[in-house]
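*Asks:* Assembling the complex is the task here: the two chains are given apart, and the hints tell you how they should meet.
Heads up: the sequence lines are chains A and B, in that order. Residues in the first sequence are numbered from 1 upward in steps of one, following my numbering. Residues in the second sequence are numbered from 1001 upward in steps of one, following my numbering.
One thing to keep in mind: the hints can contain errors.
Now the stretches of chain A that chain B is said to cover, found in silico as 3 or more residues with beta-carbon under 8 Å [what the hints assert, rightly or not]: (1) 19 to 32; (2) 35 to 43; (3) 60 to 74.
Every beta carbon over 12 Å from chain B, so not counted as near; a handful from chain A, in silico [unchecked claim]: (4) Pro-110; (5) Gly-116; (6) Pro-118; (7) Lys-126; (8) Met-129; (9) Gln-131; (10) Gln-174; (11) Leu-175; (12) Thr-178; (13) Tyr-184.
Source of the hints: derived by calculation from the structure; they are not laboratory data. What you are looking at is a predicted structure, and each value in this text was computed from that prediction instead of being measured. Where is the CB? At the ideal position from N, CA and C, for every residue including glycine.
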Amino acid sequence: MKASMELQRFELRLSGLGGQGILTLGKVLGAGLAIEEGYEVSQTQSYGPEARGGASRSDLVISSHSISYPKPEQLDLLVAMSQEACNLYYRHLKPGGLLLVDDSLVKQTPTNIYWGLPFTSLAVQKLGMPQAANMVLLGALAHFLPFIQPRSMKKSLERNLSPRFLEGNLKAFQLGLTHARKKYPDAQEQWTFS
Amino acid sequence: MPSKVKKPNRRNERAIFALGNEAVVEGALLAGCSFFGGYPITPSTEIAEIMADRLPRLDDGVFIQMEDEIASLGAVIGASLAGRKAMTATSGPGFSLMQEHIGYACMAEVPLVIVNVMRGGPSTGLPTSPAQGDVQQARWGTHGDHPIIVLSASDVHECLEMTVRAFNLAEKYRSPVILLLDEITAHTREKITLPEPGSFEIFTRIKPSMPPEWFVPYEESMRGVPPMPPLGAGYRFHVTGLTHDVHGYPTSRPEEVQNLMQRLFRKIDQFFYDIQFVEETACDDAEILVIAYGCVARSAHLAVVQAREKGLKAGLIKLKTLFPFPRPAMEKLMQHCRVLVVPEMNMGQISREVKRVNNGRAQVRTLNRVDGQIITPGQILKLLQKV
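If we strip away everything but chain B, and leave its shape as in the complex, we get (with noise of 0.2 Å):
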């Protein structure tokens, strides 16, 4: 019999024992979301079924459920507009569906955050198996060259803390941000201990300071975040998901073009730092990386714990933003590498990226599996122990 010991801790009040998707609805009320337009999907419907019970009873939340995922992102494009903080869930088939409407955002800098829960896919695919097949669409799903922000969580309590890391950055550089969470990630249950409100970082997008006459709404500006007023309160301001000029009218003059297509790009780039986030586990001498994301990642941890205690220099990179991909922070741990492990349960998403970072130094192996089951600890040491 093992050892008795002492009660590890006693019941904590805001300790509660959630689903990852639960996780996300904490961590957006705590954000402030007030707005849900959504259609539910497996596996994502808990976060519109939590929403629709939590929403109504705030005073001025509002779920509402649409007729599609179309119209779901234009709802809450709608909602964030008019200067809710808003939000949206879904899976593969639904995320297809809103890329138009993903693209307008883009253009017309609304802030909002989409969480994707990624299921078995191509289409229909397998509606209650994890997979990691959209890291690419969410880059680069809608059309047209255009910077986007997508996060990404393995555990519940990163369900919590990205989301709010989500909506914070949606605000503060007035971009789309898409979360994806993967089946395995949502729909396991932890114990999170709810944050104080308060504990986190709150950011709500500026709004303008000068009088309405004033007011340029997408003029430039060394952030190259516009200020943004919500509609109806006073500023007359455009909206269009056609090319446009600082005052928001439509124009095709190509030095107006440019100017707003390199201040899009410009808004997010040059914030690289505050936008990236990676978790590194012993990565000082590691000799193998082990770069992984989403419940993969957990997988990974389990088999750099065990292959260092077989003797290996394993180490993890743990990406918690995909895009804009964490390029400086890969190139610091990439030096002393002899070899990069990209374990993914799709056909090598994350591999390319790496691949394109690397400039050749470390060999770039990758782990792939899409038969809809997690790829175990297990597969990831065997291949550490074989390179």
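Same shape as in the complex, but just chain A (with noise of 0.2 Å):
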């Protein structure tokens, strides 16, 4: 198990389009590491006056400590679910800040330094269910994030989300889980953290 770590300000950035389920899935994961893990958590977001298809974005700052300034300066993790939001967000990475992509939306990287999973791909084929990518992405950042714990992320699903498809986006989180975990077993030892 995991333990607590102390945060000075790590922020983070979940970008893609809209309709892809950023928002809920920035929602979900906030309130996992507030709530249940204890951090101070800072959620902002930003989006096109389109509901689908247009840029759709979700920023977290995460810390041990009271936040002032609630937005993203320099990220420490990018997370891009779309070629658009990778190319627009790269240089918005700090140095030594890491980009996870979901691959099989985005085909060219600015890096060959990233972390690639295939979100979208492993939710239609697995389970059927494009919309569940945010799910398994969300699975996939609970092993990649030294201070979430997957037990965290289950318990906010369960009080976030509609009990209807609770099932669903278990599976959808478990799938992202053990992927990340079989591709990148390693993945924590990455991080630095100012």
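*Replies:* Written as structure tokens, this is what we have:
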């Protein structure tokens, strides 16, 4: 089991397209970190006027201390669920910041140092639910981020999403977690925290 | 790897991870709000959405979606006259439509709360981007000389706190109170602990204690705030937007007009100390004072902390009351300041208030941004280093 860590200011951006569940993911992830793990979290969002298809992003600042400025300045982790988002936000990564992409959607990465998992095609092929890609991603994040315990995220899923979809969401979560563990067993060693 | 520490705190049952807009609802319900009349508009929609879910669960809660914002504020005025604590929430375009009824509520002395989540304007503007362009509109948007209370909040906890205060002030002074938020404050999720019921002071309007036949609806008093019976309780009174006498009937007799107008101003002005909320950070020995409100106050806080680390004598005064402009609190701090920095997401709506009360003692520097993006701590810090 991972121990809770002292965090100064960890900045994370979830980005993609409207309809991929980026904002829902931000909410579940944030609630898990804030309520279950006890961190201070400030989650902001930005989306276009369109309901689907426009750019969508959710930013989280996570800290053990109270957060004054709620938006990220230099990202520790960028998650890109579309090529556009990857191109647009890559430059906001801090030196040494890490990139996680959905490699079934992002075909060209600006660097060869990145983590890639096919969240969307996993969700389609294994679960038959493209809309569960965000929860597959959440499962993977529970592996990649050393301060998240999968247990807290599952609890957050239960508390924040409709019970009707809980079973499917938990399946998707587990799928992401398993694949991330298999493909990147030592991912957690790659972090450099400021 | 960072050091391992003990878990910060165990799960707290009253802790929620909520949007600023959700916190507004929690604050309103805590304050005793039982009526919401509104028309959904980004970025204030969640307030209406959650109210529509929560109010019907109360014994006497009413949620009504009206055909537009003009009717919404009309419904809120009606509910308040009937004795409810009532509110609405909107954004720029809707706020413009509400202006006429705001004046009516000032004139008829109807307590109510309007939450305006500011987005880019003018007109339809930028529906999903933040701005602070409605500050002077909140103060002077409705016609005629009138006093009004305008509050602001900068984080999720403050959204709750200032909503409770907005209701308290509305009820205490029989006045519309406008709570200005911005898209960032409204759409930021943070952890807040819901206060225990009873941990906040809740004020409810004073009802008349005399028998109905002795009741004079708009009688002069020391406080200047007449007691307010709910419609239908046996106390007869006339409600009008026309200038009225103490009985509520239209008048154009100069001395009665004068009395009414002076009382409307006096009831707010003489309680300045009760209405003005500011929060000071590192102000005691500050030579450079940042004056900020809303989400920009959070950028300013980080900038001031960073400036102090660099040895600059910087301080921050966060305005939670915008109008009546917190002059006494400001004057005290301005005396030993060399420079006043006013960052805001408009072309200078509060900086002109600062210049007005400054009396030329300090230099006023503005930092304006109107591209739909928040002013960053870096931008403020750069200016602090330059001055």
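*Asks:* Against this structure, judge whether each hint is valid.
*Replies:* Going down the list of hints, with the structure as the test:
Proximity of the stretch 19 to 32 of chain A to chain B, defined as three or more residues with a beta carbon under 8 Å from a beta carbon of that chain, is established by the 4 residues found. With 9 residues having a beta carbon nearer than 8 Å to a beta carbon of chain B, the stretch 35 to 43 of chain A meets the requirement of three or more and the stated coverage holds. For the stretch 60 to 74 of chain A, the stated coverage by chain B is satisfied: 7 residues place a CB nearer than 8 Å to a CB of that chain, which reaches the threshold of 3. For A/Pro-110, the shortest C-beta to C-beta distance to chain B comes to about 23 Å, beyond the 12 Å cut-off, and the non-interface label holds.
For A/Gly-116, the requirement that its beta carbon stay farther than 12 Å from each beta carbon of chain B is met, with the minimum near 24 Å. Annotated as non-interface, A/Pro-118 keeps its C-beta farther than 12 Å from every C-beta of chain B; the closest such distance is 29 Å. Against chain B, the non-interface label of A/Lys-126 holds: every CB pair exceeds 12 Å, the least being about 29 Å. Against chain B, the non-interface label of A/Met-129 holds: every CB pair exceeds 12 Å, the least being about 25 Å.
Chain B leaves A/Gln-131 outside its interface by the beta-carbon criterion, the shortest separation being 21 Å against a cut-off of 12 Å. Taking the minimum C-beta to C-beta distance to chain B, about 23 Å, the non-interface status of A/Gln-174 holds against the 12 Å cut. Distance to chain B confirms A/Leu-175 as a non-interface residue, since its nearest Cβ pair spans about 25 Å, more than 12 Å. With a least beta-carbon separation of about 25 Å from chain B, A/Thr-178 lies farther than 12 Å from that chain, consistent with its non-interface assignment.
Distance check on A/Tyr-184: its Cβ is at least 17 Å (rounded) from any Cβ of chain B, clearing the 12 Å threshold; non-interface status holds.
Taken one by one, the earlier hints all hold for this structure without exception.
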